[in-house]
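Novice: Chains as they are written, first to last, in the working numbering: chain A, 1 to 430; chain B, 1 to 384.
Hints are computed from structural coordinates only; laboratory data are not their basis. Misleading hints may appear alongside valid ones.
Lysine-lysine pairs mimicking DSSO-like chemistry, simulated, CA-CA at most 27 Å apart [stated by the list, open to error]:
{"no.": "1", "chain 1": "B", "residue 1": "K142", "chain 2": "A", "residue 2": "K81"}
{"no.": "2", "chain 1": "B", "residue 1": "K158", "chain 2": "A", "residue 2": "K191"}
{"no.": "3", "chain 1": "A", "residue 1": "K367", "chain 2": "A", "residue 2": "K411"}
{"no.": "4", "chain 1": "B", "residue 1": "K53", "chain 2": "B", "residue 2": "K142"}
{"no.": "5", "chain 1": "A", "residue 1": "K223", "chain 2": "A", "residue 2": "K191"}
{"no.": "6", "chain 1": "B", "residue 1": "K158", "chain 2": "B", "residue 2": "K290"}
{"no.": "7", "chain 1": "B", "residue 1": "K228", "chain 2": "B", "residue 2": "K325"}
{"no.": "8", "chain 1": "A", "residue 1": "K191", "chain 2": "A", "residue 2": "K81"}
{"no.": "9", "chain 1": "A", "residue 1": "K101", "chain 2": "B", "residue 2": "K290"}
{"no.": "10", "chain 1": "B", "residue 1": "K178", "chain 2": "B", "residue 2": "K220"}
{"no.": "11", "chain 1": "A", "residue 1": "K411", "chain 2": "A", "residue 2": "K374"}
{"no.": "12", "chain 1": "A", "residue 1": "K367", "chain 2": "A", "residue 2": "K101"}
{"no.": "13", "chain 1": "B", "residue 1": "K158", "chain 2": "A", "residue 2": "K81"}
{"no.": "14", "chain 1": "A", "residue 1": "K81", "chain 2": "B", "residue 2": "K208"}
{"no.": "15", "chain 1": "B", "residue 1": "K142", "chain 2": "B", "residue 2": "K158"}
Using C-beta positions, here's what the derived DEER-type ranges look like [claimed, not checked]:
{"no.": "16", "chain 1": "B", "residue 1": "S235", "chain 2": "A", "residue 2": "A135", "range": "33 to 43 Å"}
{"no.": "17", "chain 1": "A", "residue 1": "A322", "chain 2": "B", "residue 2": "R181", "range": "54 to 64 Å"}
{"no.": "18", "chain 1": "B", "residue 1": "R181", "chain 2": "A", "residue 2": "G166", "range": "27 to 37 Å"}
Some chain A residues close to chain B (C-beta under 7 Å, calculated; not the full set) [said to hold, decoys possible]:
{"no.": "19", "residue": "T234"}
{"no.": "20", "residue": "E235"}
{"no.": "21", "residue": "S236"}
{"no.": "22", "residue": "S251"}
{"no.": "23", "residue": "F302"}
{"no.": "24", "residue": "E305"}
In this text, a Cβ means the ideal position worked out from N, Cα and C, and glycines have one as well.
The chain contents come next:
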Amino acid sequence: MIWCPYSCETAEHRVTRRAFLGGSLLGAGSLMGFGGLTTSAAAKELSKSQKRVVVIFLSGGASQLETWDPKPGTDTGGPFKAIPTSVPGTHICELLPETAKLMHRQVLVRGINTTDDDHGRGEVQMLTGRKPDPAFEYPHIGAVAAKLLGTGTEELPGHIQITPNGGSGFNKQDAAFLGPKFASVTLADGKPPADLFRPAALTTTADQEREALRKKLNDRFAKSRRTAQTEAYTESYDQAAKFIAKGDVLSIGMEDPKTADRYGRHDFGRHMLLARRLLEQGVTFVKVTHTNYDTHHENFDFHIEQLGEFDRPYAALLTDLAERGMLESTLVIVMAEFGRTPRINERYGRDHWSKAWSIAMAGCGLKAGAVVGKTNANGTAVTEREVHGGHLFHTYFRALGVDSTKNFYPKDRPIPIADPKAAAITEVLV
Amino acid sequence: MPLPPIDIMASRVAIELKHPSPLIGCRFDPSGRYLFTTAQDNSIQRFDLFTLKKTALLGHSSWSRGLGFVGTSATIMPITQRATYPIPLNQGGIFNALSSIAAAASSQVPNSPFTLISGDYLGELRWWDGTADVPIATRTVKAHEGWLRALDVSPDRKLLATCGNDHLVKLWSASDGKPIRTLEGHASHVYNVAFHPGGKTLVSADLKGFVKEWEVETGKPLRELDAKVFHKYDSGFAADIGGIRGMAFSPDGQFLAGTGITNVSNAFAGVGNPLVIQFDMKDGKAKQLKPKEAFQGTGWGVGYLPNGYLIAAGGAGQGRIWFWKPDDPASAHMLNVPANIRDLALHPDGTAFAVSCFNGSAYVYTMLPGPVVAKKDAIAVPKK
């Protein structure tokens, strides 16, 4: 079967996908959480036909020196040592021992200079591949992925965010001109929006009648007064309906307890396990936020705690994706809004630093084990292969098989998928 | 032995000792001749207070904070934050010694041999000949997985206690580094450990404010004291902040003092207040001692002065040193320091103390009344 990177409306794809879903429905085990061999086989089948993305966002700005680019023994190095990884010659911080064992599946980009130390602006640049433009909003990576990689027949929303806190809901803004169909659904703490599911007191029949009435009124209204707002409203109902129909996917309690143990019995472990379940179910894009790394005070203590949570679930996700045959079709990105200052401040903290930092990637389309970019001896500046958010955005989509130099055409106006002034980091692409 | 004639209101900087890298911990050696500091360049620096000569002790591959001493002479005793004070260097204290002994005469000053033991954030212990011209580690022991946060030497100088991020407290032979006993029971990083002056018990304190008292002979847990006021789980950042950063027994063993940060409203910006808690070891009751000013920062060191006053030091952007009268929770005196203080050490003669700071300086203060001997690069801050 030929992979179709855009609409994926090929007959082969639809048949295969239907076969996958039908097969999964045959086994009670799959209904109860898509665990075991059936899941693995189904995932492998799905992996052949669909590409997916998972972004793990280390909110607040994880320190590159305590993760991907350690500088032990220097004035900025801090107290931790660098440890060898499964890739000879590549060392990362000792706080990531499980991640280090899987370095042969990963790629490091160590020469990032995003030139913006503001949380919000940094996040926008990393998620859209452009610096914030007050005159124009670009879609986030999740919306772009959902648009370009989605099949159009998904049974779950194509763009999902799992956040550690806040409220669950539907966010129309992050899809920008792509439209609310590709906007994200937030699952705060991995939970669906409140009151999503039918109350027990409401019968199925009554609920169906109520929904039919709502649709009728909505359609009538849309015929004469259709706007972006009404579209967003309609899409939010459609997204909700999908979750209602596939609610079991959110129940990670159905997983084997040993699997839950591997991911860790804490919020982030649960969220990463949920991410894997969503990817297995064909969700195109999942972003998992791990908070918080904004360590102006006692950076080292807090990185022990936060990376102690991050390391095992991240390794578990990479392992599971690889074992299910999904890693080659799933792009995994570990990013933040920026890194942290090499200089250690008076409170043992590190502050915001966008001038020389790193991300990790794994999976689809990448030259596993590659390290590109370099910083100087104490990590204060990029000395080799400097890149910014634009280069990274091109790289993500090139890795996914998308020609990132093409355009979207909202209202017939050409808008490049990625910043035309940048290009992909080809050294990390297969 | 008469108490040294100290006056906390006369406290002033006598010497500023400088190093290019930010300092972390500090301790005086048992004789009081040297101040040892640890630094962010992984070194330990030995400052000779008689000559102001600085010597680097190189070998650790990470930061260290724990320092302890094992003397080989019967007249030498360990210096910890719960130090006792019967060893005046001379009639006038350390600063009279400074005034009377020229730097060039350093070789004339007799050394009292001692062993320094240091512990680092890779969990390693190192033993050093503390008086060697170029001290070299004579023994290295892997003691903890992860950070070794603190250590203390028993009053009889036979035992070494260590604690760390592996949630463990360990007892070792102080002379040869052989393991003796592991004390299990903490459920979070153990920040501090201290032997009771009586030598039969020790206490350890963890991130979440659990203070455990243990029987040294058996390792049996005896009781738990509540210092949870030092801990907070900051749900906004999804992280724990806490720990007793400095801990010391009173010389008679009646009280245990600990310091850290409390009232944390923003863990990742360090927005909170320093606090000292004093436990009465008879009944375990705690009393809070607070600075008068609404200062934001962390307490990093605490100790008892010969006159019964309690002293603590800490900081954030700047440093502070606070004094409390016995039985009075209101601070009696406060000193400003130009940089964040990261540790406090009391001199064995009872007349001086030192703080190690982020700016790479260790400030040695005298509490003796009268004019201080001002060194060229000293910051003299007379207090009325």
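Novice: What hint numbers does the structure not satisfy?
Specialist: 2, 3, 4, 5, 6, 8, 9, 11, 13, 17, 18, 19, 20, 21 and 22
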